[in-house]
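Given chain A, put chain B in place with the hints provided.
Take a look at the letters that make up each chain.
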Amino acid sequence: MKTRKIVSGILTLTLLGASLVACGNNNNNAGSSPSASSGASSSASASAPSSSSKTELVMNYRADPPALDVSIAESAASFTILGAISEGLYRLDKDLQPQPALADGMPTISEDGLVYTIKLKSGLTWANGDPLTAKDFVYSFKRTVDPRTKATYGFMVAWVKGGNDVLAAKDDAAIKAAQDKMGVVAKDDTTLEITLDHPIPFFTAQLAFLNFYPQNEKFVSAQGDKSGADADKVLGAGPFKLTKWDHEQQLVLEKNDKYWDAANVKLTKVTLNIVKDTATGLNLYETGATDYADVKGDQMLAYDGKPDLQMKKELVTGYLNFQATKVPAFANVKVRQAFTMAIDRAGVANLVLKNGSVPSTGFVPAGNQDGNGKDFRTVVGDTEAAFDAAKAKQLLAEGLAESGATLPKLSIIGDDTETGKKMLEYLVSQWKTNLGVDVTTEPLPHANRLDRELSKNYQIVSSLWGADYNDPMTWLDMFLTGGSFNTQDWSNAEYDKLVKAAQLETDNAKRADEMAQAEKILLSEAAVTPLYFRSSPFVINPKLKDLILPPYGPDFELKWAHFEG
Amino acid sequence: MLKYTLRRFIYMIITLWVVITATFFLMKLLPGNPFGENASKLSPENLQILREQYGLDKPVWQQYLKYMGKVVQGDLGVSYQYPTREVVDIIKHNFKASLELGAESLVFAVIIGLLLGIFAALRHNKAGDYTAMLIAIIGISVPSFVVGPLLSYFVGVKWGILPPGLWNGPEHRVLPALALSFGTIAILARMMRASMLDVAGQDYIKTAKSKGIGGNAIVWNHMIRNAILPVVTILGPIAANVVTGTLIVEEIFSVPGLGHQFVQSIVTTDYTMIAGLAIFYAAILIFVMFITDIAYGLVDPRIRLGKGR
Numbered sequence: 001m002k003t004r005k006i007v008s009g010i011l012t013l014t015l016l017g018a019s020l021v022a023c024g025n026n027n028n029n030a031g032s033s034p035s036a037s038s039g040a041s042s043s044a045s046a047s048a049p050s051s052s053s054k055t056e057l058v059m060n061y062r063a064d065p066p067a068l069d070v071s072i073a074e075s076a077a078s079f080t081i082l083g084a085i086s087e088g089l090y091r092l093d094k095d096l097q098p099q100p101a102l103a104d105g106m107p108t109i110s111e112d113g114l115v116y117t118i119k120l121k122s123g124l125t126w127a128n129g130d131p132l133t134a135k136d137f138v139y140s141f142k143r144t145v146d147p148r149t150k151a152t153y154g155f156m157v158a159w160v161k162g163g164n165d166v167l168a169a170k171d172d173a174a175i176k177a178a179q180d181k182m183g184v185v186a187k188d189d190t191t192l193e194i195t196l197d198h199p200i201p202f203f204t205a206q207l208a209f210l211n212f213y214p215q216n217e218k219f220v221s222a223q224g225d226k227s228g229a230d231a232d233k234v235l236g237a238g239p240f241k242l243t244k245w246d247h248e249q250q251l252v253l254e255k256n257d258k259y260w261d262a263a264n265v266k267l268t269k270v271t272l273n274i275v276k277d278t279a280t281g282l283n284l285y286e287t288g289a290t291d292y293a294d295v296k297g298d299q300m301l302a303y304d305g306k307p308d309l310q311m312k313k314e315l316v317t318g319y320l321n322f323q324a325t326k327v328p329a330f331a332n333v334k335v336r337q338a339f340t341m342a343i344d345r346a347g348v349a350n351l352v353l354k355n356g357s358v359p360s361t362g363f364v365p366a367g368n369q370d371g372n373g374k375d376f377r378t379v380v381g382d383t384e385a386a387f388d389a390a391k392a393k394q395l396l397a398e399g400l401a402e403s404g405a406t407l408p409k410l411s412i413i414g415d416d417t418e419t420g421k422k423m424l425e426y427l428v429s430q431w432k433t434n435l436g437v438d439v440t441t442e443p444l445p446h447a448n449r450l451d452r453e454l455s456k457n458y459q460i461v462s463s464l465w466g467a468d469y470n471d472p473m474t475w476l477d478m479f480l481t482g483g484s485f486n487t488q489d490w491s492n493a494e495y496d497k498l499v500k501a502a503q504l505e506t507d508n509a510k511r512a513d514e515m516a517q518a519e520k521i522l523l524s525e526a527a528v529t530p531l532y533f534r535s536s537p538f539v540i541n542p543k544l545k546d547l548i549l550p551p552y553g554p555d556f557e558l559k560w561a562h563f564e565g
Numbered sequence: 001m002l003k004y005t006l007r008r009f010i011y012m013i014i015t016l017w018v019v020i021t022a023t024f025f026l027m028k029l030l031p032g033n034p035f036g037e038n039a040s041k042l043s044p045e046n047l048q049i050l051r052e053q054y055g056l057d058k059p060v061w062q063q064y065l066k067y068m069g070k071v072v073q074g075d076l077g078v079s080y081q082y083p084t085r086e087v088v089d090i091i092k093h094n095f096k097a098s099l100e101l102g103a104e105s106l107v108f109a110v111i112i113g114l115l116l117g118i119f120a121a122l123r124h125n126k127a128g129d130y131t132a133m134l135i136a137i138i139g140i141s142v143p144s145f146v147v148g149p150l151l152s153y154f155v156g157v158k159w160g161i162l163p164p165g166l167w168n169g170p171e172h173r174v175l176p177a178l179a180l181s182f183g184t185i186a187i188l189a190r191m192m193r194a195s196m197l198d199v200a201g202q203d204y205i206k207t208a209k210s211k212g213i214g215g216n217a218i219v220w221n222h223m224i225r226n227a228i229l230p231v232v233t234i235l236g237p238i239a240a241n242v243v244t245g246t247l248i249v250e251e252i253f254s255v256p257g258l259g260h261q262f263v264q265s266i267v268t269t270d271y272t273m274i275a276g277l278a279i280f281y282a283a284i285l286i287f288v289m290f291i292t293d294i295a296y297g298l299v300d301p302r303i304r305l306g307k308g309r
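Protein chains in written order, with full-length UniProt numbering: chain A, 1 to 565; chain B, 1 to 309.
Just chain A, same shape as in the assembly (with noise of 0.2 angstroms):
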């Protein structure tokens, strides 16, 4: 009883201390809620635009960067943060056209189109001083594709002749002894000779690319396995130095006085903080203490008509595959065909996605390159069957004809985001309503729904698509026989000759028109069923000038950003 007595007590005056301790903390709280609110508005007052010269920029971002490393580097966030700390042999200008950037000029292309050869400026060095040589580009190339990286967009450095061979090997022999074969070559301290496994039109482009940045082989070297894991152990030689990295929370960059191009760049420092929640970023947005703040579908209705809201076009396509050998009604073309036709496109990008996304017109969206220096969707025009109802319906009924199939109890599998949902309740009423068919929905977690797609157990399934590199072939590839995102079971002689045909063409106006007869066929069958061309919109300090957003690869490029008035 008496330990009892002893052991009450103590708890009793526990929480009462931390209750006094509490109030303290509650004091304080209130009595700080002057200097807190003088806080939120001093942070407003920082960010907010008041002088012509403010050189610093907050912004939000949705994401932490997985890994600050060029070889390992595979998500958007982590693309974005590199960009703005390293620097390629180019980078996209606001058209997406490739400049020199530690390239002194534009490459020298032999005549069959395999080798490349690049002069570096001279001079160039690293954040940390050292200096940057062709050796830091082999060093890259050679360190991406070795498998012991563990790179997933190796595939695409492994374009470089001798790539696929490294990735390949099986042990450290193997790996050097293929390295060593690999058609990357520092001819001297300024000059890189790149040999591809055969002709790339957008090569040049896609040195602009994330995964074929140099690195510094002393300093990755030095980091281990740790490498890109923390701004200590990040290095690159762009316009800007990462500074601190508070992972989850906030990442600083600050200009770098040693890039080549130092004087173009106006901003001395630029704060991402990590907002996950948009509705909080636009709450920020709002007291002025960020200058950039995404923004979904019916949170842009505020901002509609205001010079703060801005569209971001991407290179992604919505589209649903039907799965032809799990539902044989599916191999017959008309029936892709009403499936296809019965959906009002018009009504996923104004109903369900509510984004500035516009209906698809094709599979290559809109802004992709053809690798002739036009617009493929310009050029090539429209090549999906306009929305239909009542020849739907008839379509269905010859090809359940035809093909003497039946259709079996439908589903429909995607996404259980909340736009996922909503694409999926939207379809199926529209399959209801236009062809009288009953499809039942399947909300799935992302990599659920990915690895049903890719294992082909599903019947029709709503996917997306993002481009990897500016050209039709990052779309058109996809659907070659047998290929892994083949998962439809769609196969077409014509269509893989004019894709294989496309990808060894040098003729880059015979190859654009490859690639559009490829398009047209792959579309006029109804092989895959594209929904919409995907945009994002966002909410900008309207004085913030030249943030560019390419439409694939970073989410922006802060090089040339600048404040004006």
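Simulated from the structure, these hints should not be mistaken for laboratory data.
Among the hints, erroneous ones may be present.
Label-pair ranges, simulated between beta-carbon atoms [as the list claims (entries may be wrong)]:
no.: 1; chain 1: B; residue 1: I234; chain 2: A; residue 2: G305; range: 51 to 59 angstroms
no.: 2; chain 1: B; residue 1: G74; chain 2: A; residue 2: K244; range: 41 to 49 angstroms
no.: 3; chain 1: A; residue 1: A63; chain 2: B; residue 2: K66; range: 25 to 33 angstroms
no.: 4; chain 1: A; residue 1: K500; chain 2: B; residue 2: V267; range: 18 to 26 angstroms
Some but not every residue of chain B turned toward chain A, in silico, with C-beta under 7 angstroms [stated by the list, open to error]:
no.: 5; residue: I49
no.: 6; residue: P83
no.: 7; residue: H93
no.: 8; residue: S141
no.: 9; residue: P149
no.: 10; residue: S152
no.: 11; residue: L166
no.: 12; residue: W167
no.: 13; residue: E251
no.: 14; residue: P256
Quick caveat: nothing in here was measured; it's all calculated off a predicted structure.
We put the CB at the ideal spot given by N, CA and C, even for glycine.
What follows is chain B alone, placed relative to chain A:
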């Protein structure tokens, strides 16, 4: 007492082992692969090499033994999602914010909850009681994903009193802690009220009253002190619950905590992270329960002597 403590400790270790084992095998049932979307762009040979490097090509029991061996040494492996970071480091880093947020919300909850409960009990069946309990019911039934955005918008944007989000200075701590404490305030208030009413009916209170002890002295010396004990016993699990992070409040106020990390690790099939966090959460809860058991044993000898002797 030593024997009792030892026995509880062994139970704790066994529970932890069961949790680790169950998590490991359940995780293997998750669909998808941990190499993310881009893995589908790799050739089957390259994917196989990746699997070999992560040891995923080995039979599951071998993977399990290897994993257990590492866990015993405090190594939870490298995250698949953040390939350059150790799971232990990520947990350490993110737990800081969750712990701080949880502790602050607990302080709010204890003060407001207990005061509300005491007030209600002293005004039993009067307007004050109904009002306090109405507040408590609202606290329980309005979820944090409603309270959070409202606080962020009104206090943060409309009135401009506190920042609507981020996790920088002390002023950024208040709103998320408040949002997180709402439910706990309600639980503690109801619990404290019931406990106070229970104590009020006890004979010793009547005795004290008959001795002519004043109202305030009875409330402070007898009622609150005795009524608080059952409330204290539930504080352990509540504390474990709030400090391990909450996805919703952390997302709404951009708090760099563990809650988001947990959901993200499941979405991306980040095996090592899922297992690491499950073990970490379980360890905290089991440890709190261990401490509670020991405290019980100290307070009431019948508990430690009763069973198992």
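request  = Check each numbered hint against the structure and report the violated ones by number, ascending.
outcome  = 2, 4 and 8
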